[in-house]
Amino acid sequence: MNTVDIAILVAKTLLFYLIVLHVVPIMVWVERRGAALIQDRPGPNRVGPFGLLQPVADFVKFIFKEDPIPTGANRGLFLVAPALILIPASLTLAVLPFGDKVKLFGREILLQVADLDIAILYVLAIGSLGIYGILFGGWASGNKFSLMGALRASSQVISYEIPLGLAAVGAVAVYGTFSLREIALAQDGLWFGWLPRWGIFLQPVGFWLFFIASFAETNRLPFDLPETEAELVAGYHTEYGSMKFGMFMMAEYMNLTTISGVMVTLFFGGWHLPFVADAMLLKWIGSQNLLGLVQVVIFLTKVAIFLCVFVWVRWTVPRFRFDQLMRITWGRLIPLGIVNLLVTAGVMLWLGGWK
Amino acid sequence: MSDIAAGLFGVLTLGCSLGVVFSRNVIMSAFYLILSFFGLAALYVLIQAPFLAVIQVLIYTGAIVVLFVFVVMLIDQDKLLEVVTGKTLVLTAGVLAWSLGLILLRALNHSPMAVPVSGQLPTLRTISLSLFTEYLWPFEVLSVFMLVIIVGVFVLARDKVNA
Amino acid sequence: MENYIPVLLLLGFAIIVASSILVLSWWLGPKKPLAVKLSAYECGVNAEGSPHAPFASKFYLVAVMFLLVDVEAAFFFPWALVYKESLQLGPILFVALVIYVAIFALGLFYIIKKDCLRLR
Amino acid sequence: MTVSFLTNWVHYLVAALFSVGLLGFLIRKNALVILMSIELMLNAVNLYVAKVSLALHSGAGLVLVVFAITVAAAEVAVGLAIILNLYRAKRSVDVDMFTGLKG
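Chains as they are written, first to last, in my numbering: chain A, 1 to 355; chain B, 1001 to 1163; chain C, 2001 to 2120; chain D, 3001 to 3103.
The hints are simulated quantities; they were obtained by calculation from the structure and are not laboratory data.
A couple of the hints might just be wrong.
[To be verified] Chain B side only, calculated, beta carbon under 8 Å to chain A, not exhaustive: (1) L1014; (2) G1015; (3) L1018.
[As the list claims (entries may be wrong)] Think about it this way: if two alpha-carbon atoms lie no more than 30 Å apart in a straight line, the pair counts; the simulated DSS-like pairs of lysine-lysine are: (4) B/K1087 to D/K3090; (5) C/K2058 to A/K65; (6) C/K2084 to A/K65; (7) D/K3102 to B/K1087; (8) C/K2058 to D/K3029; (9) A/K61 to C/K2084; (10) A/K101 to C/K2058.
These numbers come from a predicted model, not from an experiment.
Built from N, CA and C at the ideal position, the CB exists for glycine as well.
Turn these sequences into a full structure, and let the hints guide you.
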């Protein structure tokens, strides 16, 4: 490895990190305008055209606010907790395949931060670290409602990790690899000339499981028990103010982006256009590098669609009760995931391999 | 590059394990335990065992320590502040641990590591395949063991008042 | 192993971003602490009792059952990785899975049936 | 060989980590921290087993480590359940309090 390689690596990592970081302000705007749209009111429309600069105003306001540390708090953990939730949220995006590859400076550059051969496991493993931010944040606040919210939130997050993993196992069994890049590559083209080779057609139940579990993993409605305002003040981040609260919000949106990206890669063909094979697209566009750019745009568009679905669901569905929530995962989703796995294995055995 | 990373994560792991042992507050011990295990996972990557690294993060850092933290939070904090152990005990234990560490280091450094090796480094696939072919019976026995543990833990941990 | 260098870089960036936000927020915000402002917020009512009072062991049961089931579920990953190519070896991995799932399901059935998670 | 650069590093780390775990096991009175110290020792051994296994180009040690981690999870689950029960009985997690079996 020489300096150019390292420079490319640093630039690439920074670029993709910044892309995902910039999803946060966009999502803040989408969420607020989307809520307004669904509730039939205008929403933020004063700062900039269509209120587009509202997130900037929010950020400036956040950062100039006082951030008090409560007297009962454990100072060290109280300060570390938001970082503990933000860092895993940033780390998981490393394996998202934004596109195939481009040729620059005489090198082939993958449009992915790191092509790990254990990508799916990596996402699940690093994602499971996020709950420490919740647990320590709630505990260190020195507020019993925060602690209660933290315990609830983490019970929920850990319970839904299992169906999430089981859904991913189904996809892994079908494609025979952990690498998200290889899974995305396998979804190029069409079956029978009319059906896109997407994972959702191989694993419909797996997708459904993953979709439901991802709501719970990211603490979104209808699974936002940790933040039930009526019962728990505001959940585990009650005592957080200023940008420290903003960090919890940033982490939530980054997690949403990552999980949407994983969902798109596993079940919706990653960077591939439906009905158009990559080779055909390359013939139309003519340049590998331009194709790479187009692929990134396609991937981000699919992610954006999922993000909009998350917003849409948040403002239309009421929340579950805690016991209902636990019963859904332990009594329904986990058994369903196991049955899905068994059926997948049986069908693959019956067909004698998947070709 | 690898050496720098090894040094970095080695120091992280070791420093945090010292933190586990010497923190007065049990929750801080749990916090250091997380960092220590995370550093260990990075070291697994450095010795070319990424699968173990992921299992380490997924099970140790992501599940076992969560359980520790839950228990710490379920126990009243005032009950966790412990009486300081006597100075003589700490000193004796320190000497003991130190000398055992030296013996261990000597044993490790003198173990016959220079045996001729054959074949490729085991890959993720070969390990996985051997888990379900060569080690199939230990694996199935392990699942029965886990079943027993589930029942046992429930019997131990259920609320006797409500049950 | 070189694949992991970007992950290390990303970790570095994430730590820089997180700590700079914390420092900026502390540095730019006004600091006018008041006793009332710093007390625990419980909907405006004065806080009562210890914030770390012991809780129901319900949460412990959820966490411990998660730990055990998660450990069992983790074994599905290596299985899924090699299942497709092992089909040439005959149905050995399928049989392994069926036995494993049967025992796994027994544990899960026990958890649900005995109401280990105190859902009722 | 690709693993060689770490050979001695790992030895020092394993010895140190095991000793720290042992120290914690000996000097702490809190049952939770004692259990954590045991985990540290176990992890030191795991790391060494994995390293030796890779140095011998064999997958057996890696499978063993996976099994060991599984059993460790079970051990922690049972250990913490016992500690919680002791806490219910004595309202303390100090191991010096649990002298009920002393003759």
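Checked hints:
A least Cβ separation of about 20 Å between B/L1014 and chain A goes past the 8 Å threshold, and the interface hint is therefore violated. With a least beta-carbon distance of about 15 Å to chain A, the hint placing B/G1015 at the interface is violated under the 8 Å criterion. The beta carbon of B/L1018 is not positioned within 8 Å of any beta carbon in chain A (closest approach about 16 Å), and the interface hint is therefore violated. Straight-line distance between C-alpha atoms of B/K1087 and D/K3090 comes to about 26 Å, which keeps the hinted pair within the 30 Å bound.
Of the supplied pair hints, the one linking C/K2058 and A/K65 is violated, its CA atoms being roughly 38 Å apart against a limit of 30 Å. At roughly 55 Å between alpha-carbon atoms, C/K2084 and A/K65 are farther apart than 30 Å, so this suggested pair is violated. Between D/K3102 and B/K1087 the alpha-carbon distance is near 25 Å, which keeps this suggested pair within the 30 Å criterion. At most 30 Å may separate the alpha-carbon atoms for a hinted pair to count; C/K2058 and D/K3029 meet this at roughly 27 Å.
For the hint pairing A/K61 with C/K2084, the CA-to-CA distance comes to about 54 Å; that exceeds 30 Å, so the pair is violated. For a cut-off of 30 Å, the pair hint linking A/K101 to C/K2058 is broken: about 49 Å separates their Cα positions.
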